[in-house]
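**Q** One-letter residues, chain by chain:
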Amino acid sequence: MSEYGKLVKEGLWSNNQALVALLGLCPLLAVSNTAINGLGMGIATTVVVTLSNGTVSLIRNWVRQEVRLPVFVIIIASFVTAVELSMNAWFHELYKILGIFIPLIVTNCIIIGRAEAFASKNPVGRSLLDGLAIGIGFTLVLFTLGALREITGLGTLFTQADLMFGEGARNLTLSLGDDFKGMLLAILPPGAFIGLGFLIALKNLIDRRATQTKTVPVSAAQPEPTAG
Amino acid sequence: MNRHPVILAGLILTLFAIAGSGLVAFTYWQTADRIAQNERDALLHQLHVLVPAESIDNDIISDTVTLQAPDLMGRPETLVYLGRKGGKSVAAVFTPVVPDGYSGPIKLLVAVKMNGTLGGVRVISHKETPGLGDQIEERKSDWILRFAGKSLNNPTLSHWKVKRDGGDFDQFTGATITPRSIVKAAKNTLLYFRDRGQALFERGKAPEKEKKPAADEHG
Ligand SMILES: Cc1cc2nc3c(=O)[nH]c(=O)nc-3n(C[C@H](O)[C@H](O)[C@H](O)COP(=O)(O)O)c2cc1C
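Line by line, the protein sequences give chains A and B.
To convert, note that position 108 of the first sequence is 108 in my numbering; the numbers rise steadily by one, no gaps.
With the second sequence counted from 1, adding 228 to any position gets you my numbering.
One should not assume that every hint holds.
As the list claims (entries may be wrong) - Which chain A residues face chain B? A few, computed with CB under 8 angstroms, are given here:
#1 I74
#2 A77
#3 H92
#4 I206
#5 R208
Calculated directly from the structure, the hints in this document are not laboratory data.
We treat Cβ as the ideally placed atom computed from N, Cα and C, and that holds for glycine.
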């Protein structure tokens, strides 16, 4: 697989920050109560991690070791504030829902983690791609978890899609029917933990299946647990 | 590398602090007007739901008074938006805070028409439990809509309670505290209006610049 393909695969799957590294749990659990909320938070995070990766990589050769972490923090905080203001200006309704969580992107370990572990050691192109892949991987998990919690908890899907895609998207909302009142647990914080647990289990199951099919010829291959 | 003076490190840090602040300042400068406009539009939209745009002709966002009635309004100072048409009072929109919800303060908009009936009640923000107390949101249930048209005579004052307490208003299954607190807040606002509502409009400065209803800005 090409180097770039590998980066994408790692970001989306094998090193998925939410499912494997278990980073960024605070926004993940807090904002994943509906699919659209998850998507909005995911996109905002993706923008920040991509920009910060790119910038950190650009300056990696002339920022001195002693001050690199404060510099990364300044970069991330500035981008987050810029994203927050832009969302307030252009996606005001969505901002009102996600608003208090946007500043929390600063504290999302994924972003400083990628800056330190990847972007400060790699050229700009690869760092941008890494940021994008990591961000999309995180977004997919947020979106899936949001959709699952929304379906089980509220009996709807894509409520408030109009907040992100404009009035035309209002009728995107699906409903399981008025009889379904939803399972309260799914919407409450414990529901987020349980849902994430299921997603991680599912990923591990798929990974294990994949290793098993690969190792079929070699009899009695030890199925390896995926990295945690 | 290691013998570089600490000054250099400080310089680099300063540079980034300046660049970072620059980015934020630039974004702020680019978005400030739009954000202010968004907030204004959102507020106007909410007010117009309770006091229809065609029923007033003043700039309701700027035509406000502040009152002090912490016992009834749940906050030391309460802002009231005044709706008028042709100089005549139409409705007042109060912004009380409900102190005794299930978890944390609940912010309301309560519109009262001059004849003492409610134009409507809406929840601006709350921290009630999703699935239980959050039925007070308009998009979760139509419970909050049922306040429109109610007054201190309809139902009578002693029936301004949830059904469980012997009143006329529904509670939610498994959640009585939240609706009980909202009913009480709506009643308190009506009580305030009965005694001092008229005076609010006289205190408000009644700016008489003829302004077209802002409805067409919103569609
Ligand atoms: C986790 C949890 C959350 C609750 N949230 C609310 C709430 O938001 N609003 C509310 O009125 N009651 C809430 N309740 C229920 C109240 O404790 C109380 O039992 C109820 O309001 C009384 O109404 P009932 O007698 O009809 O059950 C909650 C209870 C639990 C255990």
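**Q** Does each hint fit the structure? Answer for all of them.
**A** Going down the list of hints, with the structure as the test:
1. A cut of 8 angstroms between beta carbons decides the hint on I74(A): the least distance to chain B is about 4 angstroms, and the hint holds.
2. With its C-beta approaching chain B no nearer than about 7 angstroms, A77(A) sits inside the 8 angstroms limit, and its interface hint holds.
3. Look at H92(A): its Cβ gets to within about 4 angstroms of chain B, closer than 8 angstroms, so that hint holds up.
4. Contact between I206(A) and chain B, as hinted, is not supported at the beta carbon level, the nearest pair being about 31 angstroms apart and thus beyond 8 angstroms.
5. At about 35 angstroms, the closest approach between the beta carbon of R208(A) and any beta carbon in chain B exceeds 8 angstroms, and the interface hint on this residue is violated.
In this structure, the hints that do not hold are numbers 4, 5, in rising order.
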